[in-house]
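A.B. asks: Sequence:
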Amino acid sequence: MMLPLSMSAFFGLAAAAAAAVPRVAVVGAGINGGSAVHFLRDLLGDGVDITVFEANREPGGRTLTRSFANVTVDVGGTAIYSRNRYVSGFAKDFGLQPQAGDDGVNSDIGIWDGSKFRVQVDSDSRLDMGAKLLFRYGFSPLRVIPAVRNAVDGFDKIYDLQEGQKSFETPAALLDALGVFNLTQTSAYDFFKSLGVEEKFVKEMVDGASRCNYNQPGSMNSFADLISLAGVGVGGHVFGLANGTQAISRGLLRSASRVHLGEHVVKVASNGTGYMVQTTQRSEQFDGVILATPMELTAIQLPAEAKHGTGRGRKYQRTYVTFIHGEINETYFGPNGAEAKEVPGTILTTEDSSSPFSSFGVHKVFPDGSMVVKLFSRRDLHDADIKPLFPRVFETFKYVWAAYPKLQPLARENWASFRLDGHALFYTSGLETGASAMEVAAIAGRNGALLMREALQRQDRRAKESKEEVLRMYHKVHSKPLLIEQAYDYGRVFKQLGYWQRLAVESFVIVVMCGPQGFEEVRFRASLLWKGSSKFAKQYQVPPEFPDILKDFTREVLRSQPENIHEFAAKYFECLASGLPADAGQATAAEELDMSLDEVEGIIHDLFKKYDKDGSQFLDPAEFKSLMEDLQQRLDFPKDEILLFLAEADMNADGMIEYEEFIPLALQIIQGMYAKKRLEQHISDVDLQAEELLVHGMSREELTSLVGSMFERMDEDRSGQLNKQEFVTALTSMELGLTRREINAIMFQVDQDQDGNVSYREFVPFAFDLLQKMASLRLLESELENDELAQFILDLFKAKDTEMTGLLGLDDMRDLLHQAMLGLTRMQIYTVLSEAEVNADNLISYASFVPRAVGLIRSMLSFEKAIVKNDSVAQDEEKFYSILDEAFTGSTVLPLADVMTRLSSAALLDGKEVEACSRMLGTTYPVDEVPVEEAKSQIWALVKSLRRAKSG
1 MMLPLSMSAF
11 FGLAAAAAAA
21 VPRVAVVGAG
31 INGGSAVHFL
41 RDLLGDGVDI
51 TVFEANREPG
61 GRTLTRSFAN
71 VTVDVGGTAI
81 YSRNRYVSGF
91 AKDFGLQPQA
101 GDDGVNSDIG
111 IWDGSKFRVQ
121 VDSDSRLDMG
131 AKLLFRYGFS
141 PLRVIPAVRN
151 AVDGFDKIYD
161 LQEGQKSFET
171 PAALLDALGV
181 FNLTQTSAYD
191 FFKSLGVEEK
201 FVKEMVDGAS
211 RCNYNQPGSM
221 NSFADLISLA
231 GVGVGGHVFG
241 LANGTQAISR
251 GLLRSASRVH
261 LGEHVVKVAS
271 NGTGYMVQTT
281 QRSEQFDGVI
291 LATPMELTAI
301 QLPAEAKHGT
311 GRGRKYQRTY
321 VTFIHGEINE
331 TYFGPNGAEA
341 KEVPGTILTT
351 EDSSSPFSSF
361 GVHKVFPDGS
371 MVVKLFSRRD
381 LHDADIKPLF
391 PRVFETFKYV
401 WAAYPKLQPL
411 ARENWASFRL
421 DGHALFYTSG
431 LETGASAMEV
441 AAIAGRNGAL
451 LMREALQRQD
461 RRAKESKEEV
471 LRMYHKVHSK
481 PLLIEQAYDY
491 GRVFKQLGYW
501 QRLAVESFVI
511 VVMCGPQGFE
521 EVRFRASLLW
531 KGSSKFAKQY
541 QVPPEFPDIL
551 KDFTREVLRS
561 QPENIHEFAA
571 KYFECLASGL
581 PADAGQATAA
591 EELDMSLDEV
601 EGIIHDLFKK
611 YDKDGSQFLD
621 PAEFKSLMED
631 LQQRLDFPKD
641 EILLFLAEAD
651 MNADGMIEYE
661 EFIPLALQII
671 QGMYAKKRLE
681 QHISDVDLQA
691 EELLVHGMSR
701 EELTSLVGSM
711 FERMDEDRSG
721 QLNKQEFVTA
731 LTSMELGLTR
741 REINAIMFQV
751 DQDQDGNVSY
761 REFVPFAFDL
771 LQKMASLRLL
781 ESELENDELA
791 QFILDLFKAK
801 DTEMTGLLGL
811 DDMRDLLHQA
821 MLGLTRMQIY
831 TVLSEAEVNA
841 DNLISYASFV
851 PRAVGLIRSM
861 LSFEKAIVKN
871 DSVAQDEEKF
881 YSILDEAFTG
891 STVLPLADVM
901 TRLSSAALLD
911 GKEVEACSRM
921 LGTTYPVDEV
931 PVEEAKSQIW
941 ALVKSLRRAK
951 SG
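Heads up, the sequence shown is in the numbering used here, so the first residue is 1 and it goes up one at a time.
It is worth saying that the hints were derived from the structure and are not from the lab.
There may be inaccurate statements among the hints.
Here are the computed distance ranges between Cβ atoms for each label pair [unchecked claim]:
#, residue 1, residue 2, range
1, Ala100, Ser194, 39 to 49 Å
2, Lys166, Ser115, 48 to 58 Å
3, Asp46, Pro98, 29 to 39 Å
4, Lys341, Pro98, 16 to 26 Å
5, Ser115, Glu327, 13 to 23 Å
6, Glu929, Asp812, 14 to 24 Å
7, Ala100, Glu296, 57 to 67 Å
8, Ser194, Ser283, 46 to 56 Å
9, Glu803, Asp46, 45 to 55 Å
10, Asn150, Ser283, 44 to 54 Å
11, Arg412, Lys166, 13 to 23 Å
12, Asp812, Phe94, 26 to 36 Å
Note that this is a predicted model, so its numbers are computed, not measured.
All C-beta atoms, glycine included, are put in the ideal place defined by N, C-alpha and C.
Turn these sequences into a full structure, and let the hints steer you where they fit.
C.D. replies: Quick look at the structure:
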């Protein structure tokens, strides 16, 4: 049963925004995502609502700034080239100051091969640099500079193109427009060789720069290598920021409507006219989505159409960053020795270098001679690597990440696309297949913003065109255009709930106002080929209850969030026109079970026939008991309840179960089995999702650290191993839904040497399964974070748990579910409780039980609703309850005799139905005190079953 959205809550949502604006999600809060946010806001102003999702607990992406040894250091992107219009402009706009030159760092650049400097130049002196480079490399530097200038000049064309609102569908098309894509298709080694550049220059200077910028050699593509040499002989200068580059990302995100940090996006699903973005904490509907994070580094599930657009074959370079504050070994870089202030501020290395680091950068030289340096390497640097360089270390900080793609040439067909579908799903990280830099990310972000604006404008045009089509259609059928204008204006209040919602209002207007032509229009939009359209031949007049119908329809759209809004609307109003319950968004029983109602009836018939041993067309008590005992283990209801089920099923009180009496109970049995099956499949999917998050969402170092901290928390006596009490206590406190018996069994399996303790070595293999279990539970809980039914049940359990232990007895839970008036039968309640993990004290941790319970309840009640919906003679529920409410006005608890008297006088039931209700209520409430509200739902459920069986 779906708990209805209250009207006050609904109109609260409707009034939440003064103007209707489309909603856009941006996944990733680095320069790429921040740029998309910034430029989209610049393009659309307040005409767009932007939500940012970031998996990390802070924004910045690969611009990560830290304070180390009282020095601000950038762990990731550092250097800003003054000709980079966007990033340098952001820094200026946000008031970010360049680094001061008073850090005591030597301006020399040295090329180190592990034993000696092959060349050392003063970067502040063009004369010194030019003379030394020409002396060592001849004319090779002069051959490289024009190539660098051409690449940079070509790249700079993007600014005028984007200023002119030019967007690109693919990164390859963007680079083609700049005349540089061909440079991505050849390696730097081959490119410079074709220019006649000496191999010595390439292996030393070019490789040195690319190893510093990308931790990769000249086998990378030539475009990336040329860009990494920008600033050398082509004008402009390179600088850093006093407070680090992460401040740029933070500044860009000020343009967002909201930013959700620490939220992993796990799925983006297209639902026809928008996108459902699911995170570890929420699910939200958006009109458009910009993915501004590398898909290779996430486990985000995308629509099938979008997957091929994320590219193939691109891998990421793992880079180890090590910051050291210490005193340098003065003889490390040469036997003559060098004081700290004499050490080159930037030391590049050759690919054949024996040095453990790829690059060495000095950040600060202190008056005492100690220094802060930043090392890049392709592996973790151990003490054996650091001690020879820094005999005395005061402080270290390490960080490892997939910092940039491996930039080897990649064939055009393997590149990602900016556009992932035909609507408004875009991916902006594909541009860094050619080169990876903050400016590249900013350019990609702006292209994403331009594409998104175009997509939203197309949506808006379609909405306006749809309205015009409706008006034209109306004029052909009616003569009062004012009515439809008023109707459309009434619907506008719902526009801010998303573009799909606006289409919901359109579909409503088309169908209700335009009769059969409206149905045809909706079908046309959904590209549906339907039969039997003659049933809509009757002209539909504007109903006086138009506002109420619109509210009901809107609530159904909000509740169901259908993939195809027009198909949903057509089905909804088809039901409305034919007098059936208008619930087009719900799956039918056949859809949920992958079988027709005839097949369901076939199962019921076969089940009855199997246990009707004598072929009498009746089940006697012994046969019925045999059937229920066979099912008891699967559905986990108490054996002593079998006689109560017999009493409920025997509606005519003759002690025998006829086939029509058996149908309602059989439906409950089947729905219980299938509900459990669907829940198991869903939990299996969540387990896989949790595994993906652990495997792909965390590095090995993060997992190792997490496992270590878990073990330390569990090891209360700090013995280095977990005794049985510590192990059991820890797992029990985690509320994983494990019974004491299961925990003991796990202990037995984990304790491989059977010494009664769990060592760290024994714990590590088990820890991943434990983390997966915890992640699965959190994902299940996050799915229901804003779920009204889940909150209702949880509050119900908490109210009963007066001592706040988090535990309730099985009997208490059964009674609470019975009293909750959710419309659950006795069999359904036991099916729900069969999913509870009962501990040794016969208690249940209800927090971990609620997600499973809600899944089962929804599944069973949607099954029941689907059966009723397909029943052409089903009683109108609202009318039935209205009569019952009137019959029992002012009463909360009544004797059974009074209940039956009022029920009979209401003239709702025939004699057999009255007798069946009397027997059911007498069995359920033997103390002769019947709670009226609870009894109403039970009477309705019983009458539905009786009439359905009778009509069958």
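A.B. asks: Enumerate the violated hints, using their earlier numbering and listing them in ascending order.
C.D. replies: As far as the earlier hints go, 7, 12 are violated by this structure, in ascending order.
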